[in-house]
Amino acid sequence: MSIILSLNNVRKNFGATEIIRGVSLDIKRGEKHAIIGPNGAGKSTLYHLISGRHNVTSGTIKFKDKEIQNKPPFEIARLGLARSFQVTNIFPRLNVFENIRCALLWSNDYRYSFWHLLGKQTELNEKAMHVLEQIGLKDKALYPSGELAYAQQRALELGIAVASDAELIMLDEPVAGMSHSEAENAVELIKRITQGKTLIMVEHDMNIVFDVADRISVLVYGELIATDEPKNIRANQKVQEAYLGEVATSA
Amino acid sequence: MGLIKKLSVWIGYLVALLVAPLFFDSILAISILNQMTIAIIFALSYNMLLGQGGMLSFGHAVYFGLGGFLAVHALILIEHETVFFSITFIPAIGGIIGLLAAVFIGSFSTRKAGTVFAMISLGIGELVASSSLIFSDFFGGEAGISGDRTFGPLFFGFDFAQNIEIYYLSAVWVFIATIFMYLFTQTPAGRMANAVRENPERAEFIGYSARKVRFISFCASGLFAGIAGGLFALNYEFITEENLNAITSGRVLLMAYIGGLGYFIGPIIGAVILTLMNSLLSNYSELWMLYLGIMFLLTVMFLPKGFAGFIMMHQTAWVKGSLKQLAVPYLITGIPALLFSTACVAIIEMSASEEEVFHYLGMELNPHSIFTWVIAIIIVVASFYATRRSLLQLANAWESANEIPDSKDSES
Numbered sequence: 001m002s003i004i005l006s007l008n009n010v011r012k013n014f015g016a017t018e019i020i021r022g023v024s025l026d027i028k029r030g031e032k033h034a035i036i037g038p039n040g041a042g043k044s045t046l047y048h049l050i051s052g053r054h055n056v057t058s059g060t061i062k063f064k065d066k067e068i069q070n071k072p073p074f075e076i077a078r079l080g081l082a083r084s085f086q087v088t089n090i091f092p093r094l095n096v097f098e099n100i101r102c103a104l105l106w107s108n109d110y111r112y113s114f115w116h117l118l119g120k121q122t123e124l125n126e127k128a129m130h131v132l133e134q135i136g137l138k139d140k141a142l143y144p145s146g147e148l149a150y151a152q153q154r155a156l157e158l159g160i161a162v163a164s165d166a167e168l169i170m171l172d173e174p175v176a177g178m179s180h181s182e183a184e185n186a187v188e189l190i191k192r193i194t195q196g197k198t199l200i201m202v203e204h205d206m207n208i209v210f211d212v213a214d215r216i217s218v219l220v221y222g223e224l225i226a227t228d229e230p231k232n233i234r235a236n237q238k239v240q241e242a243y244l245g246e247v248a249t250s251a
Numbered sequence: 001m002g003l004i005k006k007l008s009v010w011i012g013y014l015v016a017l018l019v020a021p022l023f024f025d026s027i028l029a030i031s032i033l034n035q036m037t038i039a040i041i042f043a044l045s046y047n048m049l050l051g052q053g054g055m056l057s058f059g060h061a062v063y064f065g066l067g068g069f070l071a072v073h074a075l076i077l078i079e080h081e082t083v084f085f086s087i088t089f090i091p092a093i094g095g096i097i098g099l100l101a102a103v104f105i106g107s108f109s110t111r112k113a114g115t116v117f118a119m120i121s122l123g124i125g126e127l128v129a130s131s132s133l134i135f136s137d138f139f140g141g142e143a144g145i146s147g148d149r150t151f152g153p154l155f156f157g158f159d160f161a162q163n164i165e166i167y168y169l170s171a172v173w174v175f176i177a178t179i180f181m182y183l184f185t186q187t188p189a190g191r192m193a194n195a196v197r198e199n200p201e202r203a204e205f206i207g208y209s210a211r212k213v214r215f216i217s218f219c220a221s222g223l224f225a226g227i228a229g230g231l232f233a234l235n236y237e238f239i240t241e242e243n244l245n246a247i248t249s250g251r252v253l254l255m256a257y258i259g260g261l262g263y264f265i266g267p268i269i270g271a272v273i274l275t276l277m278n279s280l281l282s283n284y285s286e287l288w289m290l291y292l293g294i295m296f297l298l299t300v301m302f303l304p305k306g307f308a309g310f311i312m313m314h315q316t317a318w319v320k321g322s323l324k325q326l327a328v329p330y331l332i333t334g335i336p337a338l339l340f341s342t343a344c345v346a347i348i349e350m351s352a353s354e355e356e357v358f359h360y361l362g363m364e365l366n367p368h369s370i371f372t373w374v375i376a377i378i379i380v381v382a383s384f385y386a387t388r389r390s391l392l393q394l395a396n397a398w399e400s401a402n403e404i405p406d407s408k409d410s411e412s
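Taken in order, these protein sequences are the chains called A and B. All residue numbers for the first sequence refer to UniProt numbering, where the first residue is 1 and numbers rise by one. All residue numbers for the second sequence refer to UniProt numbering, where the first residue is 1 and numbers rise by one.
Hints listed in this document are in silico derivations from the structure and should not be mistaken for laboratory results. Heads up, some of the hints might be wrong.
Pairs of lysine-lysine residues, derived as BS3-like cross-links and limited to a Cα-Cα distance of at most 30 Å, are as follows [said to hold, decoys possible]:
#1 A:K120 / A:K66
#2 B:K212 / A:K120
#3 A:K66 / B:K112
#4 B:K112 / A:K138
#5 A:K127 / B:K5
#6 A:K127 / B:K320
#7 B:K112 / A:K62
#8 A:K238 / A:K62
#9 A:K120 / B:K5
Construct the complete structure from the given sequences, taking the supplied hints into account.
Dropping the structure here:
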């Protein structure tokens, strides 16, 4: 399998504090990769570095063999890297359909067009409806997205991330704050819509992580202490001490 | 069916524009109608920034004024026969200048929205307004510059000497401009302007540079503001520094806000209301700006979605057919509220009046008599109390008129 995303000795300081301390990681094309670690380990920061929200202090990030570190988010997104957010990050006063359609515009080559009328773009509108169907919000299409229930907003958040048909999808705690049954549905949804794509996921729920992931990376205090298949991670002494052990004793 | 329904609004708009001077045909009315057409384009262009793009501008008159100044210069060139074209195209010149100015200024001012954008717009507004007084060869200093619209080739036999002819020319321009501004909201650039207004960060993660999206809206807005400036030049045949300074910028903000930022039609309503107040109220009272200010405050506090929002609030009741249930409750609250406002106006006017006898609503009041004041204050207090008391019944009536009965498709 080829490598789609490659981090090489990535570091990030906020002032004097080193948050990410030399992370190197290769993500294979088509794999489902989970990043786990205790709170404050730097998982979200790592996401922000990859997706362009923050600049790296040093190191390189290559996506499809192109260096993307320190590029603005929109340039990275255009290459085919999409992400969701831990805190729901949608367009609240636009309706659900518009949220998805906006997410489709760039990848369908509309760019900054002011000469296409959206109402007449049948193919685009069908695609948007198709995404809504996948995420189970078709009957809410014309609903202001800010007024959706929490789980539905999370589904929409996911929908915006996957709509553009990006090759690499990064989800940040996609089921955080959901009830057990909602989370189960969400995991089914994630599996379904990321089929054939590369997925990176930050998640705290170990059942979900071991269910979805092909490989798992463990991030502790800004350093990767292990990257391996789930069964090896479970058996890994260092991981157990640093992370799983903590869970086991507290549980 | 759907198409006819969609087009019916536009046909209605066109008809209203065309027949308005038949009903209001006095010289004053035609002049007000002309001001309205200018204000409508200007306010709609402003809403492209604030309502649709989330950019609060305190300097939108810059594009209006620069367009207007160049338009007057174009009139002068036509008069001197340096150039030869019909004055009907003057608004296009205004538009091009507005666009060019917006391209230049927008290239750095749209980097951020919010406070940064607002402050830059304020600075640019002041800069251009004061420059216009300094470069008096071009801007004519305090007196401004003037032209004459009756030169150049006739346009199908019209020389546009009459105000009514200018009105019909303006009506065509305002109709076309409104269509294009509406269509803009339906394009990818227009829709992404909404998305960037809502959440610029997320817009960047779906492939759009928030800055570029803002820039495009900004340029489109400048273009239409310039067209409005060109129409102003044609209508008045002169233009001064006042047309590009903060007063004009503030006025267009008020129009868009009072009309309703969230609705395409809002600024049109605001433009009509403010033009009427500006032209009619100012005949009756020197304090009309004060009333305008109070109206703005009340709108911000009680009708944050403006007049358009107030009208749209009644949609549910309209669909339900329960709108008539609201008529009596509105009257019960409306009458004391009206009494309250007239009494307040009386007190304000009496305070400002220097005359012995104060004429008000057919009455002759003596502002120096304590008796007049006591009566007025009693009416103010009593009607305020009555209005407060009646609000509860209005709220109840509102609730029952908008109550959605349990039906099969209601959300469980």
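Okay, the hints, checked on the actual structure:
1. A:K120 / A:K66: 36 Å, violated
2. B:K212 / A:K120: 24 Å, holds
3. A:K66 / B:K112: 28 Å, holds
4. B:K112 / A:K138: 34 Å, violated
5. A:K127 / B:K5: This hinted pair holds, its Cα atoms lying about 27 Å apart.
6. A:K127 / B:K320: 34 Å, violated
7. B:K112 / A:K62: 29 Å, holds
8. A:K238 / A:K62: 28 Å, holds
9. A:K120 / B:K5: With a Cα-Cα distance of about 17 Å, the restraint between K120 (chain A) and K5 (chain B) holds, given a limit of 30 Å.
The earlier numbered hints that this structure contradicts are 1, 4 and 6.
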